[in-house]
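There are 2 protein chains.
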Amino acid sequence: MAVNPPQLSAPLPVPGFKIGTASCGVKSPEEKGKRTAIMLLTCEAGAHAAGVFTQNRMRAACVNLGEDTLINSAANIRAIIANAGNANAGAGGMERTWAQELIEAAAEAAGVSANHVLSASTGVIGTPFPIERVRQGVRDAATSLSPDGWEQAANAIRTTDTFAKFASRKVGEYTITGICKGSGMIHPNMATMLAFIATDAPLHAETLQPMLKRAANCSFNCISVDGDTSTNDTLYLLSSGLGLGHEGLDAEQAVAFEQELTALCIDLAQMIVRDGEGVSKFVTIEVTGAVSEEDARTVGRAIAISPLVKTAFAGSDANWGRILSAIGNSGVAVNPATVGLKANDVTILENGNLHSGYEDADGMTVFAKVEFTLHVDLGMGNCSSTIWTGDLTHDYITINAEYRT
Amino acid sequence: MAVNPPQLSAPLPVPGFKIGTASCGVKSPEEKGKRTAIMLLTCEAGAHAAGVFTQNRMRAACVNLGEDTLINSAANIRAIIANAGNANAGAGGMERTWAQELIEAAAEAAGVSANHVLSASTGVIGTPFPIERVRQGVRDAATSLSPDGWEQAANAIRTTDTFAKFASRKVGEYTITGICKGSGMIHPNMATMLAFIATDAPLHAETLQPMLKRAANCSFNCISVDGDTSTNDTLYLLSSGLGLGHEGLDAEQAVAFEQELTALCIDLAQMIVRDGEGVSKFVTIEVTGAVSEEDARTVGRAIAISPLVKTAFAGSDANWGRILSAIGNSGVAVNPATVGLKANDVTILENGNLHSGYEDADGMTVFAKVEFTLHVDLGMGNCSSTIWTGDLTHDYITINAEYRT
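As given, the protein sequences belong to chains W and F, one line each in that order.
According to our numbering, numbering within the first sequence proceeds without interruption in unit steps and concludes at 405.
According to our numbering, numbering within the second sequence proceeds without interruption in unit steps and concludes at 810.
Where hints are given, some of them may not hold.
Derived DSS-like pairs (lysine-lysine); straight-line CA-CA distance at most 30 Å [claimed, not checked]:
1) W/Lys-342 to F/Lys-432
2) W/Lys-213 to W/Lys-27
3) W/Lys-27 to F/Lys-747
4) W/Lys-170 to W/Lys-213
5) F/Lys-618 to F/Lys-575
6) F/Lys-575 to F/Lys-432
Under 8 Å between C-beta atoms, here's a sample of chain W residues computed to sit facing chain F [stated by the list, open to error]:
7) Glu-67
8) Leu-70
9) Ile-71
10) Ala-74
11) Ala-75
12) Ala-263
13) Ile-266
14) Asn-329
15) Thr-393
Note that these hints are calculated values from the structure, not bench results.
Glycine is no exception: its CB is placed at the ideal position from the N, C-alpha and C atoms.
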């Protein structure tokens, strides 16, 4: 059960892009027809592209291939091919071959060069990749290409997600549409986070890359256990830039674009938290008063990943001692005498002391809510960061201890 | 329910030391007489001492005072006073005053100077410290001082521990006896780890300190989420050195002593893991083939703290993909193509490839055991480290989400 999943409007088509999906039985031949698991996105002209990849050292081959392709062809990307059901990771000697064959199948189906195709895979790891069935799926997906395929694409890349995740935003005349998948606080079941975003705003790859990195840092990198990335995490941003030929937006337009891109990434990232496995609460952690933004993020993450804090959320227990301890464990040089803590409007700590007016019952009332915000003021500087996270529940244990996906 | 708690022999008295305990109702006056929660350890001459303290930045005042006392008087320690039931942490402006008053009460009761007394507190945090009741408890503890009080002391410092933890070893004619408390994989309920070790082996404080640090690094710092230290974690080692006046052991004797000290610390540390809240399995993680010992320890810890790995342990699921991902997330520069993995004698991965003879059922058989060992070979160097950890179960969630201690 997701926590307050948003009512989503239909995603907007993006000029220059088409999407097709197909079912091919990735997990087993019998699965074919029951769910789609192949997504092919094509761009009619060469798109400019940017990518952000997992920091996990055990990277899947498709991640390494994608990074290589961006290095060589970031200004001329023609397609993204993605599949769910099998991550093609931890697969040993054949992994890279299969990843390359997936790309070649997509290139052939889309009628473009394999050097201009990006790929992403998600699902179980350590299982041989069913390349023959997938190849047929890629061909089938190519027959359904349509500018309106975004929602179907969001469905095709789902694994344990309980709802399809997509969002669109307008920046002047331009459109940004993104889809993502991921159902985890902490990437349960190796639940890779995948996100694909497309726009027709004319931005050069050299502009897109740092912009995407910044947007990811304020969104996908701010949800719960971001440090615990899977082997396959991938975020791609493509600009078709039709008409203006990637000559770029002016400075003001670029700022407006980045704002909307960041907002869209936050929308998608929050959907992942809301759909986290076993999550029953959605908690926003605002850290202010830090010496640097990185410090603020580190403190926020330390709170968000603490099993003790997460179980306190689950138990509606305003256990501020655990929060204080998590702050102290972040590795950031905090000063116990300047820390402040609020839960929504309830002040708990001021300058390291329990607030004189604080009543435990007031804190409990906030922690009992399905959504609430913790405000942590480190009292040391002017930098801040916001992290979104969920709780740690019996359902999480049930999901992850009692079956294998 | 602890996992295979060891059958403990009675702890050996250590020449030069006496211990008294008392009940005083730390949590509430009504609790008095129901459980002991005060421990006073005295040394008839000035003991040489060493200490290892929490790395948490939100340190309790008693930790800071203890460190100061060691700096000034490591060669002349006369007592340790400890209490359970209230950690005197996160207590605001009065915290340091109460910590100092606890020390003064112990000094008065033991007839020594407060400058030569160490202290430690464990229990709930953020609650006013009941200094009057504790003071009476300290006086009462002083009336029961005996060389044979070690087991009672191990009981007095328990919080959520399900059994008293103590161990003794002999090094030639000398004795080492230690007690500890802590019931957590990850310091649940702020379950501070406290350990007090005493010996009559004549070792100077300047020798004891680095020796204790090394022993802690191979024991208390190798259990599960050691990074998630509480505000009060404290380990003290005292040498009464009677007779030889701290003139020291010869080099060979010192090596033998350090071996036994380390073994004793490992005994105690493993008891803490076995008593971890909700733990149903005891897992040893041996990491070999690392470039440095620190790398090996970091990889082992990354496996031990991963909720996905811990739930796989709980579910008896030989989910090696999660282990591989945790290794990749450790931050250590590992090479996916050289990693090997065994569960007990079952080879799962060799040089990054699934072992040709591996059957999932064989892995499952090992993971179904109450105790087993994972062998991770990074295949990059000659350094190694061993980590001990437990699983993550429904009981853990129940304990930490559903009540507050």
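Going down the list of hints, with the structure as the test:
1. W/Lys-342 to F/Lys-432: Given pair W/Lys-342, F/Lys-432 holds - Cα atoms ~27 Å apart, limit 30 Å.
2. W/Lys-213 to W/Lys-27: Status violated; Cα separation ~33 Å.
3. W/Lys-27 to F/Lys-747: holds, 27 Å
4. W/Lys-170 to W/Lys-213: Holds - the C-alpha atoms of W/Lys-213 and W/Lys-170 are around 20 Å apart, at most 30 Å.
5. F/Lys-618 to F/Lys-575: holds, 20 Å
6. F/Lys-575 to F/Lys-432: Cα-Cα ~37 Å, so violated.
7. Glu-67: violated, 15 Å
8. Leu-70: violated, 21 Å
9. Ile-71: Violated. Min distance 20 Å.
10. Ala-74: violated, 25 Å
11. Ala-75: violated, 30 Å
12. Ala-263: violated, 29 Å
13. Ile-266: This hint is violated: W/Ile-266 lies away from chain F, its Cβ roughly 24 Å from the closest one there, beyond 8 Å.
14. Asn-329: holds, 5 Å
15. Thr-393: Interface hint status for W/Thr-393: holds (6 Å vs cutoff 8 Å).
When the structure is compared with the earlier hints, violations turn up for hints 2, 6, 7, 8, 9, 10, 11, 12 and 13 and for no others.
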